[in-house]
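Since the structure of chain A is provided, determine the placement of chain B on it from the hints.
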Amino acid sequence: MINRLVVENLKHRPIRTLLSIIAISIQVTLVLALVGLSDGILSDQARRARGVGADILVRPPNGALILTGGQMLQAIIPRIVEQTPHVQVASGILAYGTDLFNYITGIDLKSFDQMSGGFHFVQGGPFQNPDDVMVDQYYAAQHHVRVGDTIPLINRSWHVSGIYQPGMLARLVVPLATLQDLTANTGKVTMVYVKADNPVNINQAIADLSERLKDFKIYSMEDYTTLFSAANIPLLTQFIAVVIGLGVLVGFLVVFLSMYTAVLERTREIGVLKALGASPALIMNILLRETIVLALAGSVLGIVLAYGTRALIAALLPGSLIQAIVYSWWWKTTAIALVGALLGAIYPGLKAARQDAIEALAYE
Amino acid sequence: MTDAPIISIRGLTKIYRVGDVDVPALRGVDLDVAGAEFVSIVGPSGSGKSTLFHILGGLAPPTSGTIRINGQDLFGMTDSQRTELRKTTVGFVFQKYNLLPTLTARDNIEIARYIAHQNGPLGSRFQEILQLLGIAGRLDHKPRALSGGEQQRVAIARAIVNNPSILLADEPTGNLDTENSNAVLGLLRDLNDRLGQTILMITHNPEAAAYGHRIVTMRDGRIAS
Numbered sequence: 001m002i003n004r005l006v007v008e009n010l011k012h013r014p015i016r017t018l019l020s021i022i023a024i025s026i027q028v029t030l031v032l033a034l035v036g037l038s039d040g041i042l043s044d045q046a047r048r049a050r051g052v053g054a055d056i057l058v059r060p061p062n063g064a065l066i067l068t069g070g071q072m073l074q075a076i077i078p079r080i081v082e083q084t085p086h087v088q089v090a091s092g093i094l095a096y097g098t099d100l101f102n103y104i105t106g107i108d109l110k111s112f113d114q115m116s117g118g119f120h121f122v123q124g125g126p127f128q129n130p131d132d133v134m135v136d137q138y139y140a141a142q143h144h145v146r147v148g149d150t151i152p153l154i155n156r157s158w159h160v161s162g163i164y165q166p167g168m169l170a171r172l173v174v175p176l177a178t179l180q181d182l183t184a185n186t187g188k189v190t191m192v193y194v195k196a197d198n199p200v201n202i203n204q205a206i207a208d209l210s211e212r213l214k215d216f217k218i219y220s221m222e223d224y225t226t227l228f229s230a231a232n233i234p235l236l237t238q239f240i241a242v243v244i245g246l247g248v249l250v251g252f253l254v255v256f257l258s259m260y261t262a263v264l265e266r267t268r269e270i271g272v273l274k275a276l277g278a279s280p281a282l283i284m285n286i287l288l289r290e291t292i293v294l295a296l297a298g299s300v301l302g303i304v305l306a307y308g309t310r311a312l313i314a315a316l317l318p319g320s321l322i323q324a325i326v327y328s329w330w331w332k333t334t335a336i337a338l339v340g341a342l343l344g345a346i347y348p349g350l351k352a353a354r355q356d357a358i359e360a361l362a363y364e
Numbered sequence: 365m366t367d368a369p370i371i372s373i374r375g376l377t378k379i380y381r382v383g384d385v386d387v388p389a390l391r392g393v394d395l396d397v398a399g400a401e402f403v404s405i406v407g408p409s410g411s412g413k414s415t416l417f418h419i420l421g422g423l424a425p426p427t428s429g430t431i432r433i434n435g436q437d438l439f440g441m442t443d444s445q446r447t448e449l450r451k452t453t454v455g456f457v458f459q460k461y462n463l464l465p466t467l468t469a470r471d472n473i474e475i476a477r478y479i480a481h482q483n484g485p486l487g488s489r490f491q492e493i494l495q496l497l498g499i500a501g502r503l504d505h506k507p508r509a510l511s512g513g514e515q516q517r518v519a520i521a522r523a524i525v526n527n528p529s530i531l532l533a534d535e536p537t538g539n540l541d542t543e544n545s546n547a548v549l550g551l552l553r554d555l556n557d558r559l560g561q562t563i564l565m566i567t568h569n570p571e572a573a574a575y576g577h578r579i580v581t582m583r584d585g586r587i588a589s
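Protein sequences appear in the order of chains A and B. Position 333 of the first sequence, counting from 1, maps to 333 under my numbering, and the rest follow consecutively. Position 105 of the second sequence, counting from 1, maps to 469 under my numbering, and the rest follow consecutively.
Rather than coming from a laboratory, the hints here were simulated on the basis of the structure. Hints may contain errors.
The calculated DSS-like cross-link candidates involving lysine-lysine, where the alpha carbons are at most 25 Å apart (straight line), are [as the list claims (entries may be wrong)]:
| no. | chain 1 | residue 1 | chain 2 | residue 2 |
| --- | --- | --- | --- | --- |
| 1 | A | K351 | B | K451 |
| 2 | A | K351 | B | K460 |
| 3 | A | K188 | A | K217 |
| 4 | A | K11 | B | K460 |
| 5 | A | K110 | A | K188 |
| 6 | B | K506 | A | K11 |
| 7 | A | K188 | A | K214 |
| 8 | B | K451 | B | K506 |
| 9 | A | K110 | A | K351 |
| 10 | B | K506 | B | K460 |
Predicted model, so just to flag it, every value in this text is computed and none were measured.
Okay, chain A solo, but in the shape it has when bound:
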């Protein structure tokens, strides 16, 4: 019975109910999109790192975990290869950020192909000249690039030599030497990928490399790729927390206003319920149930809309952003929406529960 009253009350003011649900859904979508982007971008980076085919990664002592800061001398590569047992091949790369999400990567094609097994081209082929660039399909789709086109990057025109299947290192790949010269990093690389002669020797190779390259950061690729999570990105966790805080605030304000107007509007009905013997707890119960329905409906819509933002991002910015659907956050965002909404319902609920029945019945 009480649920029927709750549903009928919500249906009675469809526009207000719909707007409340939409407002709650937007904050749910916001959180899901942000978490999904973090997860999607990081997972994509991890996938591309794995696509290199290396077993071990060497980063300079001052290099950040995932971001591309810090360089080291390219000269260490031959030393690593020659001096460390069980190292089959090593390849240095230089990553240069072009904007917040994208970077251009210089590789030594020979050693890189040796390690990775080579790029799989869908159009064109590997670069032949110093100003050649290879792009992955996502980049090509987003920027409408075809083989033979010229694209401007870091104040230089590049000739597109090939388009390859994604999942390999980077979206934009140029000859290492060209990028080094162009960015005043001659003789330097950002990281060195290392492949062991046999997977069983990876740990031994890591131990040997750590011995030889004191202070350098040496990860097994398996460990390295597990570090691609929001928790390891400086400020990202805090940023998500801020968005969650805003989400709770939005839920609070929306439901506060919605329920406050509902209580004002239903003053007389609340008086009637009280005259029938409804306790303050029952009046509160009705409003809280309405709030929970709004929050849950908003959460479901928010989850659906998160698929929409993913589709939109995939259509418009396939080369820059990837939004994952993070199922583990569905209940979290629902909880966030519920907390905000219930907080917003407390004051209107108390106001309704404390309403004087005689005054309420006289309310016009």
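Just chain B now, with coordinates in the frame of chain A:
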């Protein structure tokens, strides 16, 4: 009509505090109402009729005096005890019907049962009452689809669904035309005659008041006659 009073009021006073001023609404009311009696209460505006109803209905506490309904002393009752009283002992009928607009007529009746924790199907006696009230075929309509007379009949059904000891009707025909007024008053009288429902009815209309067994006149917070 039984001789033992179902309502017994002695020296009842009610003083409202308006700002810094005490406003006496009831100044010592003495009244007995026998079981199955139909009493019309008349009097000018401000004479204390509604205040008396609010206290009888457990919507407001008395300031002093004794007031007993079916042996329960309302004086000194807590808010939750008065809430309990409204569930089972008292039924209200209002001038403006006061049906919940979002619910059907049936659900308006059902919600009164729900609040009073009366679950299960409506008894055959109540089905008869619905026939008597002439609303059995209108139960699935919402209030906006019902005429004033129909709405008031639904309100009466809601008021008596939990078999209250007393039915308090506050100007039940105040918003109705003559035909519907007569119909509603006739129904109240029928409920009283057939079921022995004790009824107290406030009215300004002498013709309506005449439907009661007895007319009590209030003036200046007291029973005048």
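Hint check:
Taking the CA atoms of A/K351 and B/K451, the gap is near 22 Å; set against the 25 Å cutoff, the hint holds. Only pairs whose Cα atoms come within 25 Å are accepted, and A/K351 paired with B/K460 is accepted, the gap being roughly 24 Å. At roughly 16 Å between alpha-carbon atoms, A/K188 and A/K217 fall within 25 Å of each other, so this suggested pair holds. Restraint check: the Cα-Cα separation between A/K11 and B/K460 comes to about 23 Å, which is no more than 25 Å; the hinted pair holds.
A distance of roughly 17 Å separates the Cα atoms of A/K110 and A/K188; the hinted pair therefore holds under the 25 Å criterion. The hinted pair formed by B/K506 and A/K11 meets the criterion: a straight-line CA distance of about 13 Å does not exceed 25 Å. Under the criterion of a C-alpha separation no larger than 25 Å, the hint pairing A/K188 with A/K214 is consistent with the structure, at around 18 Å. A distance of roughly 23 Å separates the Cα atoms of B/K451 and B/K506; the hinted pair therefore holds under the 25 Å criterion.
As the CA atoms of A/K110 and A/K351 are separated by approximately 74 Å, the hinted pair breaks the 25 Å bound. Annotation: proposed proximity of B/K506 to B/K460 holds, straight-line Cα distance about 15 Å (limit 25 Å).
Checked against the numbered hints above, the structure violates only hint 9.
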